[in-house]
Amino acid sequence: MAQSEQTGIIGKGITIRGNLTGGGDLVIEGRVEGQISLKNHLTIERSGHVEAEIRAEELTINGEASGNIDATSMVSISSSAKVAGDIKAIEDGAVFNGTIEMDVKLPDNI
Amino acid sequence: MANTVIGSSIVIDGEISGDEDLVIQGTVKGKISLKESLFVDSSGVVEADIETQNVEVSGKVTGNINASDKVELKSDCRVIGDIKAPRILIADGASFKGNVDMDVKER
Numbered sequence: 001m002a003q004s005e006q007t008g009i010i011g012k013g014i015t016i017r018g019n020l021t022g023g024g025d026l027v028i029e030g031r032v033e034g035q036i037s038l039k040n041h042l043t044i045e046r047s048g049h050v051e052a053e054i055r056a057e058e059l060t061i062n063g064e065a066s067g068n069i070d071a072t073s074m075v076s077i078s079s080s081a082k083v084a085g086d087i088k089a090i091e092d093g094a095v096f097n098g099t100i101e102m103d104v105k106l107p108d109n110i
Numbered sequence: 111m112a113n114t115v116i117g118s119s120i121v122i123d124g125e126i127s128g129d130e131d132l133v134i135q136g137t138v139k140g141k142i143s144l145k146e147s148l149f150v151d152s153s154g155v156v157e158a159d160i161e162t163q164n165v166e167v168s169g170k171v172t173g174n175i176n177a178s179d180k181v182e183l184k185s186d187c188r189v190i191g192d193i194k195a196p197r198i199l200i201a202d203g204a205s206f207k208g209n210v211d212m213d214v215k216e217r
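Heads up: the protein sequence lines correspond to chains S and A, in order. Under my numbering, the residues of the first sequence are numbered 1 to 110, in order. Under my numbering, the residues of the second sequence are numbered 111 to 217, in order.
Just so you know, these hints were derived from the structure itself, not from any lab. Every residue, glycine too, gets a C-beta built ideally from N, C-alpha and C. Hints are not guaranteed to be accurate.
Derived CB-CB ranges, DEER-like [stated by the list, open to error]:
| no. | chain 1 | residue 1 | chain 2 | residue 2 | range |
| --- | --- | --- | --- | --- | --- |
| 1 | A | Ser152 | S | Ser66 | 29 to 39 Å |
| 2 | A | Asp159 | S | Asn40 | 24 to 34 Å |
| 3 | A | Val214 | S | Glu53 | 43 to 53 Å |
| 4 | A | Ile190 | S | Ser79 | 45 to 55 Å |
| 5 | S | Ser47 | A | Pro196 | 27 to 37 Å |
| 6 | S | Glu57 | A | Asp179 | 54 to 64 Å |
| 7 | S | Glu57 | A | Lys215 | 54 to 64 Å |
| 8 | A | Asp192 | S | Glu51 | 25 to 35 Å |
| 9 | S | Glu57 | A | Val214 | 47 to 57 Å |
| 10 | S | Asn68 | A | Ser153 | 27 to 37 Å |
| 11 | S | Asp108 | A | Thr172 | 54 to 64 Å |
| 12 | S | Ser76 | A | Ser143 | 26 to 36 Å |
Computed footprint of chain S on chain A, listed as stretches where at least three residues anywhere in the stretch have a Cβ under 8 Å from a Cβ of chain S [to be verified]:
| no. | stretch |
| --- | --- |
| 13 | 132-144 |
| 14 | 168-179 |
Throw the hints in and build the complete structure from the sequences for me.
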C-alpha cells in the first residue's frame with residue numbers, strides 16, 4: 001500500500017481527463033489532461049505527462065508538464081523535466097533575492 | 111498491489127482510462143474504462159459508468175457497470191446501477207439496486 005492513505009498515485013498505464021482536486025499528496029506517473037488543484041505536494045515522475053492547469057502547494061517536476069503552474073510555496077524542476085507554460089511561484093509584488101538555477105546542458109559545439 | 115491509487119482525499123471529475131489496475135479510495139465522477147481490475151475501497155465513492163475486466167466494490171458506486179469478466183460486490187458496499195458481466199458475486203450484507211445481465215444466449 002501507499003505510505004499514507006492521503007497519497008494518490010496515477011500509474012503509468014492510466015489516463016485522466018478532467019478535473020482533479022484533493023487534499024493529499026499526489027504522484028503522477030501516467031497522463032493527466034485538464035485541471036489539477038492540490039493542497040499538498042504534486043510530483044510528476046519521469047514517465048508522467050501532464051497537460052493541465054496546475055495549482056499545488058509544492059510541485060516537483062521530473063517529467064513533462066504543459067500548462068500554467070501556480071505553486072503557493074515551491075516548484076522544483078529536475079534535469080529530466082520538460083515544462084511549457086507560465087510558472088507562478090513567486091507572487092506579483094513580492095521581493096525576491098536569490099538566483100534561479102536552471103540545469104540546462106549546452107551543446108559542446110557552442 | 112495495484113499501481114494506481116486515487117487516495118481518500120482526491121476528487122476526480124472526468125474520465126479515467128488505462129490498462130492497469132486502479133484502486134479508488136476517494137471520489138470519482140464521470141467515466142472509468144480500464145482493461146484490468148478496478149477496486150473501489152470502502153472509502154471510495156464512484157458516480158460513473160464503469161467499463162472494465164474485473165470490479166471489486168467495497169464502497170459506493172452509482173452508475174452502470176460493464177465488466178468483461180467478473181463483478182464482486184463485497185459486504186457493506188452500496189451499488190445503484192445496472193451490472194452486465196458473465197460472473198457476478200454479491201456478498202451477504204451488500205446493498206444493490208439495479209438489473210443484472212449475464213448475457214446468457216438463448217438456446
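Results for each hint:
Between Ser152 of chain A and Ser66 of chain S the Cβ separation comes to about 36 Å, which falls inside the hinted range of 29 to 39 Å. Under the hint 24 to 34 Å, the C-beta atoms of Asp159 of chain A and Asn40 of chain S, about 30 Å apart, fit the expected range. Range check, Val214 of chain A to Glu53 of chain S: Cβ separation about 48 Å, and the 43 to 53 Å hint holds. Between Ile190 of chain A and Ser79 of chain S the C-beta distance comes to about 49 Å, which sits within the given range of 45 to 55 Å.
For Ser47 of chain S paired with Pro196 of chain A, a C-beta distance near 34 Å keeps the hint of 27 to 37 Å intact. Hint check: Glu57 of chain S to Asp179 of chain A, Cβ distance near 40 Å, so the stated range 54 to 64 Å is violated. At roughly 55 Å, the beta carbons of Glu57 of chain S and Lys215 of chain A sit within the given window of 54 to 64 Å. For the pair Asp192 of chain A and Glu51 of chain S, the supplied restraint of 25 to 35 Å holds, since their beta-carbon distance comes to about 34 Å.
Hint check: Glu57 of chain S to Val214 of chain A, Cβ distance near 53 Å, so the stated range 47 to 57 Å holds. Distance hint for Asn68 of chain S and Ser153 of chain A: a CB-CB separation of about 32 Å, consistent with the stated range 27 to 37 Å. Against the hinted window of 54 to 64 Å, the Cβ-Cβ separation of Asp108 of chain S and Thr172 of chain A comes to about 59 Å, which satisfies the hint. Range check, Ser76 of chain S to Ser143 of chain A: Cβ separation about 33 Å, and the 26 to 36 Å hint holds.
Check result for the stretch 132-144 of chain A against chain S: holds, 4 residues qualifying (beta carbon to beta carbon below 8 Å, three or more required). Only residues whose beta carbon comes within less than 8 Å of a beta carbon in chain S count, and the stretch 168-179 of chain A has 0; fewer than three means the coverage is violated.
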